[in-house]
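Q: Listed below, chain by chain, are the residues.
There are 4 protein chains.
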Amino acid sequence: MASQFGEQLRVSIFGESHGNGIGALIEGLPAGEAIDFDRLMRFMERRQGGRNALSTARKEPDRPEFVSGVLDGITTGFPVCIQIANTNTRSGDYNNLALKPRPSHADFTAYMKWHGHADMRGGGHFSGRLTAPLCAAGGIALQILERRGIYVGAHLSSIGSVQDDAFPMQPESVLFEQIAAKEFPVLSDKKGAMMQQEILAAREALDSVGGTIACMITGMPAGLGDPMFDGIENRLARVLFGIPAVKGVEFGDGFALSGMRGSAANDPFGTDLQGNIVTKTNRNGGILGGITTGMPVRFRVGIKPTPSIAQKQQTVTLPEGNETEIEIKGRHDPCIAQRAVPVVEAAAALTALDVLLCDGRF
Amino acid sequence: MASQFGEQLRVSIFGESHGNGIGALIEGLPAGEAIDFDRLMRFMERRQGGRNALSTARKEPDRPEFVSGVLDGITTGFPVCIQIANTNTRSGDYNNLALKPRPSHADFTAYMKWHGHADMRGGGHFSGRLTAPLCAAGGIALQILERRGIYVGAHLSSIGSVQDDAFPMQPESVLFEQIAAKEFPVLSDKKGAMMQQEILAAREALDSVGGTIACMITGMPAGLGDPMFDGIENRLARVLFGIPAVKGVEFGDGFALSGMRGSAANDPFGTDLQGNIVTKTNRNGGILGGITTGMPVRFRVGIKPTPSIAQKQQTVTLPEGNETEIEIKGRHDPCIAQRAVPVVEAAAALTALDVLLCDGRF
Amino acid sequence: MASQFGEQLRVSIFGESHGNGIGALIEGLPAGEAIDFDRLMRFMERRQGGRNALSTARKEPDRPEFVSGVLDGITTGFPVCIQIANTNTRSGDYNNLALKPRPSHADFTAYMKWHGHADMRGGGHFSGRLTAPLCAAGGIALQILERRGIYVGAHLSSIGSVQDDAFPMQPESVLFEQIAAKEFPVLSDKKGAMMQQEILAAREALDSVGGTIACMITGMPAGLGDPMFDGIENRLARVLFGIPAVKGVEFGDGFALSGMRGSAANDPFGTDLQGNIVTKTNRNGGILGGITTGMPVRFRVGIKPTPSIAQKQQTVTLPEGNETEIEIKGRHDPCIAQRAVPVVEAAAALTALDVLLCDGRF
Amino acid sequence: MASQFGEQLRVSIFGESHGNGIGALIEGLPAGEAIDFDRLMRFMERRQGGRNALSTARKEPDRPEFVSGVLDGITTGFPVCIQIANTNTRSGDYNNLALKPRPSHADFTAYMKWHGHADMRGGGHFSGRLTAPLCAAGGIALQILERRGIYVGAHLSSIGSVQDDAFPMQPESVLFEQIAAKEFPVLSDKKGAMMQQEILAAREALDSVGGTIACMITGMPAGLGDPMFDGIENRLARVLFGIPAVKGVEFGDGFALSGMRGSAANDPFGTDLQGNIVTKTNRNGGILGGITTGMPVRFRVGIKPTPSIAQKQQTVTLPEGNETEIEIKGRHDPCIAQRAVPVVEAAAALTALDVLLCDGRF
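Chains as they are written, first to last, in my numbering: chain Z, 23 to 384; chain P, 23 to 384; chain G, 23 to 384; chain B, 23 to 384.
Just to be clear, a hint being listed does not mean it is correct.
Treat identical chains as interchangeable: a pair holds within one or across any two.
Stated by the list, open to error - Subject to a maximum C-alpha distance of 20 Å in a straight line, what follows is the list of computed EDC-like cross-link-like pairs (lysine to aspartate or glutamate):
| # | residue 1 | residue 2 |
| --- | --- | --- |
| 1 | 302 | 345 |
| 2 | 212 | 187 |
| 3 | 213 | 199 |
| 4 | 302 | 347 |
Source of the hints: derived by calculation from the structure; they are not laboratory data.
Chain Z on its own, in the form it takes in the complex:
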């Protein structure tokens, strides 16, 4: 329901952009897992704005506080509640939006669903800020997975019309680390520079721009996942569409497969140098029938342009429905895809860990 996902690892997200705080409640984390807090902070910093001209103005770092479930840096097996304080909120900027829904934001739909009671200051519970606790939870999952040889990495595969290079078929974890260490998470820094130009150009035009993110999970053994509605694809998609602004999800070559013939789209089976069964290509993204093949799980998400733009836009008053205009003030990223990269990794890590737990691998 709503702000929760997962089966054996259950993650619930709470809080609003301008409320007292935000956080995550995680049930089902295995006991005895050490949490490297510094690494977790570095992971979370990747989703924060303020690093450069591409993002909103500098914010204080989001510092997750463990309310429960962790003792001396080790998970206890009890539910882990993580809380992050809301500081640096400037509600004044949003006051005039109260009754004028911002186009392509959730203001209008939230108003209709909760009859005006929802606290939508700064986007409320729908704010991109709510991806911070998701990253906190995901950052812990990443550490647990890595101890089992499972790695997650993502990069900006496109901004506007500029495409990054593609991941190799079997990337090493060091590649994921290299990308994660970059200020702009791409494979090709040359393409990255062009992407940044797209973002800056949009910003200058008082506009925003969208992008796509490609993600891989390596090291997942074959035979994980469930048929039909609980396959790896179903579970990942359910979580990924929970990230604000995601409007498309595809696995392997995804929509491109729809334009192909079977002889080109099928992944032949064979063996690698160690005699393991592999597929010679991985157009299906490491998943067949919802179940892992042992090849890297591979998917891509499409992220729409930031709906908050500085240009004047058409809207209506609520609840009357009189046509009017709106000018959105305040701090906004001209492109959110950049900051969504670690969020996608977090979603992937939490889903992968849940799948492993459902399979009884702990």
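Following the hints, position chains P, G and B against chain Z.
A: The following block gives chains P, G and B in isolation, referenced to the frame of chain Z:
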């Protein structure tokens, strides 16, 4: 878990391609709903092969039998169990596949997950045949929705590289009926003829071809769905990725939004002639923050080419992992996208009905 | 929801007393488990009436048919659908009840919930007959558990005011077999004879009588279950209250503990001859904090007298609510506790297997 | 899973007795509901110790802080996170227990489940202290229910062998208020005085004593709940067994029905002075087939004596399993049943509200 989805309306699919039978168990259907059995049969016939050269050889019609939950054609409120007999199975065709996994099928992953115990004759529980009970359940949901002014329609939006025209922004239900009545479910029969050429060409080349399906749900009131992980997008995606061969799902303009600027991607609010609040465009597919805007819900799925092709393919023996080749015999559709159109409608209808029930609209 | 329970092992019950059939859908059964069909039939026969003067007239044996999920007597890992035909239904007997709800049956509440649409002939979905598919599912679980050294047994601990002897603290599985083989499932046949007198006396008085059932699960390792709301007690209670006529559930010494002092109620820890940690007594029923101690899980359920009695009773007409009388005809057990013994075992076995699967023990 | 319950209203409890804090996350609360904070505090005070010689030494009041989901004292529709600080913890008292499990506590089972990682200081996540956030959540539910004419009340029905009087069949809400206002929540103050003697006697004997609690929910309309495994009984039982020390749950006359005949146990239907259909007696506790009859829902829970007693007890060392003795120091209630009364009310209110939400009554 696995072969089940839904919250207040819960659908479970069971059976295997060559087992004793297949079926669906539906919990949570409202009581007192009449089921027009003839209409249900007509809906189910749309997903069956054998109509023309584009599909596999003629089969007997799938006839759903109501084991429980329906009395004199009216739902009683108790769980509805629907069963469909398996006739016309020719297991011999598949015997040689037992230990040679077919590329891009679930044979290998099922073997790894269930250690060789899964009954994979004809694809087992992963077979496209299992979409028959999904359609039976969905066909009932469609009838219940229509009584509330909610309509679901889909068309083949592309086959290979050939694109159909697009749905209008606010289609009438009669358009959905017209497409459903066609042997080849497209808007433009001219484009449809070209698509059929693509399919026949693939067939002649002992190959297959993929396609995409566009679907709309009209009449959904604004304010339905839940934030984050239980929005309309999350729920629909979870079910849609349960349809065999679906590798991508996008909402509204989907991945195309990723290449756009915010000023072009945002949907301005305004009012229609009756004074209702609407969006002037619907690039977000009738969903903002996971919640309905009142505009048609609009999405597209990408379907990979049928993995069963008559060409020789590389594979391995199980469990040894020796490289070998496979030639798949038996009856296969050169394109399954055509038959998946009503399946997508069924998935959409069941999800929409569940969302309405969760909202307490019955 | 409703007619389903379980987390990793999910059991759904469907059907009505006088409908086309009844059955169970089981998701999550481990693959590769042999089902001894003859043993399953013997288990199911224990819940059937017609053996003696204590039960309703002879019926045909309920024969479960496997629609899916089982190949050559071995589970495949796919959902298992079990169906049992409804034969020997005599709806005429119930015709006059249609609009006169039987006291202490679900006729009235079903009418209110489903506005008269529920098919309540013979009790509909609430009929004791629906425990047949529960036993079919449970009988399979029992066989899987026994292969892991886990055994489930129950006996009639009381009928009316007559009490059976108590289980020993650590019963051998052979004791469970001995009781299961008896026509009247008690430890002390002498007490059993007195209980049967209670039942016959009730029958002669055109009345019915209630009873209690004590059940144990042996061989469960320590450390299984979850805190708070998903402990062994919570899960068992949720399923046990799904058995018709169960009105009380207690664990260990249960309500008797409420009248005791801590020094008498606490179970001291110690070691057995093999050096394993045990409790010297087992007043807590093998569960502390919802988690198994390694001692036998022990509980008792209270079953009310069969509400169907031949005496004239006060009721009302529906929907008018005019006061009237009712005389219930047809075949009815003067005591259902006897037949509920294997049903309680089935519920216990399914819950125990689910707990093991959640713990990743397969 | 674990520390969560509910379907449309989902409550998760987190925290440990001696950790940073405890709390509850509530998803699905209707929007627009005012929370009377002072009333909530008064409700929560009823479960706190320190009022008299019967309880542990005085503690600071538990003050729930709303982290999310409430704006200006009104629910917003977003997840409500409530946090309560842990103050006044004296871990030193428990140090010697670390490796010696206390009899009839969860120390041993938690050790086995989480391999020694669980933070069991003060009972950890199993501590009775964790009923504080349950009461915070339940206190909100009570306020929402009362606005719909639904009331919940409970009393101590017994301590040791002393019984309180019974609730009338149709109690007015003012009776619930009167009991709630008492320092010792009983109907008969004379019986209450005798109960208090039982508690004091146990305390003087360095011992503890158990009790039972009777609870009613009035005003629930007929037709609510689901058949089989999601009836009112199933749901309530699942939550009630989540309250520490509860070992038995019964509905209506419960286990007493097992000793009765049907003619005495059945509740005849009739009409009241307003012409509404009622049952003339309510031995089934307002529930038939899991669904409400419209009569008060009535149940009783059995609570074992506080396992913490000052007497020397037998235990073992962990993980070696050497037999040894333990003396439990620190502050302990000689009877916890008294403080569990509002906890039972909270569990009942949250379950009732969930059932109403599932039925679409909001």
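Q: All hints, please: hold or fail.
A: Taking the hints in turn, this is what the structure says about them:
1. 302 x 345: between (57 Å within a copy, 11 Å between copies)
2. 212 x 187: Within one copy, since 10 Å is at most 20 Å while 38 Å is not.
3. 213 x 199: Within one copy only: 19 Å inside a chain, 47 Å across chains, cut-off 20 Å.
4. 302 x 347: For residue 302 and residue 347, only the inter-copy Cα distance (14 Å) is at most 20 Å; the intra-copy one is 55 Å.
When held up to the earlier numbered hints, the structure conflicts with none and fits them all.
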